[in-house]
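Chemist: Here the protein sequences come in this chain order: C and R. Heads up, the first sequence is in this note's numbering, so the first residue is 1 and it goes up one at a time. Heads up, the second sequence is in this note's numbering, so the first residue is 792 and it goes up one at a time.
These are computed hints drawn from the structure, not numbers from a lab. It is possible that some hints are incorrect.
[As the list claims (entries may be wrong)] Distance windows between CB atoms, simulated:
{"hint": "1", "chain 1": "R", "residue 1": "A874", "chain 2": "C", "residue 2": "E70", "range": "37 to 45 angstroms"}
{"hint": "2", "chain 1": "R", "residue 1": "E881", "chain 2": "C", "residue 2": "S125", "range": "43 to 51 angstroms"}
{"hint": "3", "chain 1": "R", "residue 1": "K950", "chain 2": "C", "residue 2": "A591", "range": "38 to 46 angstroms"}
{"hint": "4", "chain 1": "R", "residue 1": "G831", "chain 2": "C", "residue 2": "R582", "range": "53 to 61 angstroms"}
All residues carry an ideal CB built from backbone N, CA and C; glycine is no exception.
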Amino acid sequence: MTIGRREFIGLMAGAAAGTAVGFPAGRIFDSTLHSGDQFLYPPRGPEQFVLSVCRECSGGCGVRARRIGERVVKLDGNPLHPISGGRLCAKGQAALQVLYHPDRVRVPLRRAGARGSLASFRPSSWDAALNDIAARLQSLRDEQHPESLVLIRGDDRTLGTRIARRFVDAFGSPNDIAFNGGGEAEALALLVTQGVRATPAYDLRAADYVLSLGSEMLETPAAPVYTARAYGDFRQTYPGHRGKFVHVDPRLSITAASADEWIPIRPGSHAAFAFGLATAIVGEGLYDRAFVAERTIGFEDGADGDLRSLIEQYFPLEKAAEQTGVSVNVILRVARELAGAHNGLVLGPHKGPLIGGRLFDHLAAHILNALVGNIDQRGGVLIPEESPLDSWPAVERDSVAASGHRRPRLDGVDASSTIGNDLEQLAQALASGQPYRAEVLFVAGCDPIYASPARQRFASALERVPLVVSFATIPNDTSLYADWILPEPHYLEQWDLHTSPPSVAFPMVSVASPAVPKPLHDTRAMGDVFLTLARRIELQRALPWSDVPTLVRAEIDRLYQVRRGAIMGTDFDQAWVQMMERAGWWSPGYANADELWQRSLEAGGWWDPFYDHGDWSRVFRRKSGRFDFRPDVVRQFAAVSSSLDSSGSLALVLFEPLSVAGGTGAELPFLQAILDPGFDAQWETWGEIHPDTAAVLGIRDGSPIRVASGHEAIVVRARVTERIVQGAIAIPVGLGRLAGGRWAAGVGANPLRLLDRVREPVSLLPDFGSARVLVSEANATDRRAAGRIER
Amino acid sequence: MTRWGMVIDLDRCTACQACVVACQVENNIPLADRVDCEHGRGISWIRLAPFREGEHGTRPSLRLIPILCMHCERPPCVKVCPATATIIGEEGLVGQIYPRCIGCRYCTTACPYTVRRFNWKRPEWPEPMEQGLSPDVSVRPRGVVEKCSFCHHRLQRAKDKARFEDRPLQEGDYVPACVETCPAEAMFFGDLDDPRSTVARLAESPRAIRLLEELGTKPKVIYLSKGESGGDV
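Please model the entire structure based on the sequences and the hints provided.
Modeler: What follows is the structure, encoded as structure tokens:
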């Protein structure tokens, strides 16, 4: 073969990219794009493919970016990546528009006016920002008040977040506060019954019956693409073995539309339905006797109460039928289907990144899984294993840091608390300055002013903090209340390492490399900012790395030391590694850390696909070494669950459409246009009301309605539909942003504003599902008010 | 003879709309803002169409079906085009030639699947959004009709690649962007005339149905209904 100019450049480009996949690497693009009178300048140069990891949600999909010249023109899944398998969701596909978004933060912005408006910010420089922040931090250390530093962060495992957490630890502040809204209840159910701190993984692929108690598993699970791939296989992989899927919820969601059966229940009665099933399963003797006898406690052996007597006392079938509005016959039928399935799997009401459901509902779902013996089985609930890189050696704290760590956390959460964070309490502490004042507050990877039910108080509390720093790619609602907005690079512009996302059972490390040759704007990765700050205030002992890329490489050295797992590969590679590991072999295909590094860049990363079923000491970590039905906790919940707030006319049912889940996505026009295909809903917030309920309230389809709670009101468009049960209104969360660029700010309404001081009894988690609202046709004043918010 | 076709398994499909956005990014589809969308002028080559079932008082159900150009073997749009701007090619792809299109919109009316879209305004990308445009697909001017091309440019690329590697085109070399991204792996693409291909095999499934078959359009997008075999749509 002769090598011509084209081929030669192609080969060179392939070699340069290091991650080139496909052919003829480096085809040259030199055409023009034009449309009539308009000339656009297309990218010029060779084509290459770069591997990265999507950060549009917590899912951690491996991405393959197609780059031509200096521009990235398309994102697809990395085919070798175990999470994405070459696939991406709508948000992942649209992420390119975040990179090229016109309203990105381009330089550090400093506030020069009132809080709450982007117009108050003036462009500044990194030097000014870092000098200001480092000086304040240094004075906190000098005054021996390191506890006055607060970090509110997203619950992710990116390097940036991990560096920030280590910085706060070494600095001497206990206030490392995760804002994780959604996942917590699901993880807590696991902690309460099994003593494990992790988000459970569901082996959907191998299940043959899935009962979703309001889990939007096909829209907004923790890892959407991973779950969707498993769902496809659950349905159609093996001829003659099609899994059955039943969805129980007040609303006919997009997930429910895919189900074989949608069973509408009254709002807030998921736990009642689950315990109704438990009663039927126990009453008919359909539970897994061997598992319950050998692997659980608290079923019928409790000294002061056990599950069997509790459900007889509190959850007779008739009562469950009355509370849920589902007939006894249907409850019995579902109970028999679930117990009769080979691998019946129950999922609790996880509605999305912000709305994670209540502990009682998740606990009830998890108890059902234990009753049918589907814990740590194929097709059951799996317990994720920690990735080898998840933790670093503990920080050696100096005397200042040690004194700071002796102070309580501002949100009152400590090791004995059930909940991981308490934003309401934090807002109160910030506002009152008790038990001590917060002087410097970092917000990264989350948007508490948009997403917390304590929003109003949180916004005014932030005004009491002298220095608030927000890290953002596109300004979010919380950024508007900051003193500095520091521009974060897009994920396609930076190096990163991602360990397994929540709800994925196997340990994994994905390497993300920058897909564009240089950042578009004057951005710095959050990890680099904290490493720089650490040098300025002399905390290098805890954070010795010069920059993030150096750290990424150092982590791969550490990964080599664990001596297990393999490079990401095809299905065949996976089967091979699993077979070898089962037989006790390790043949990784790399001989040293450099080879591991090179091959991780080419394939996307490292993983260990082997899952050891039935390792009970790992799975059940409570003192008993068994699954605990926790009759004590169930009794507490059962005693209070009947006292529902009944003021207001309709139950408020909140949900998160995939395209704007987690309060992000509204920034992009493509995502605004696909909010709900069932209604063809676009660019607005709507409220779904049942025709019977609408008739009583005199509400017409399409008309603007006023939805009011005790302290606030919003205006949304009425959708009169049977997709929601009577006596409720369902409203999507994700729009109604204060910031987020030209396409997000002021579009739609934020129903989280209607909530205030809502907590689930017993667990004290924020409860998004218990509010009731008054709904009426909007009058002219309401519409004007809504218009003012919107424009 | 090659006859490109698509199979969509509605039992796997989760209606997540990844296909919708993948298509828009791949094909340089113009941005539509809130006002455009309110006027029904947003463009998408593939969309999820809702079919609501259940009378008032019975339990409703909702079916969401991805609808795109069916690349009919007897396409009504080709017949009505006065400018020969819509043609059916040798391998069965129904193409749209933008410079020939006079914007009369006969085709949008003739298409029973309503998948053709008209460009009501000049596309605009606020700086620096134009940097994300793909060089593979031309940008359409105001006043022309556009529709799904089965990512025809990807076929050109796949053929180039096969020629470069001196081998015939294989299954999987050429898939449209929607098929590539589908998270539930519900979409399949290939040569319906090749009896060994996945799509040809699936097209013979008892679950296989074609939309508006009775019109005689002979669509090359085939759906697999929900259920074990031959169930409901």
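Chemist: Could you run down the list of hints and mark each one as holding or not?
Modeler: Hint-by-hint comparison with the structure:
Between R/A874 and C/E70 the CB atoms are about 38 angstroms apart, so this pair conforms to the stated range of 37 to 45 angstroms. Remark: the range hint 43 to 51 angstroms for R/E881 to C/S125 is contradicted by a beta-carbon distance near 60 angstroms. As the Cβ distance of R/K950 to C/A591 is approximately 40 angstroms, the hint placing it in 38 to 46 angstroms holds. Checking the proposed 53 to 61 angstroms range against R/G831 and C/R582 shows it holds: the Cβ atoms sit about 57 angstroms from each other.
Of the hints listed earlier, the one the structure fails to meet is number 2.
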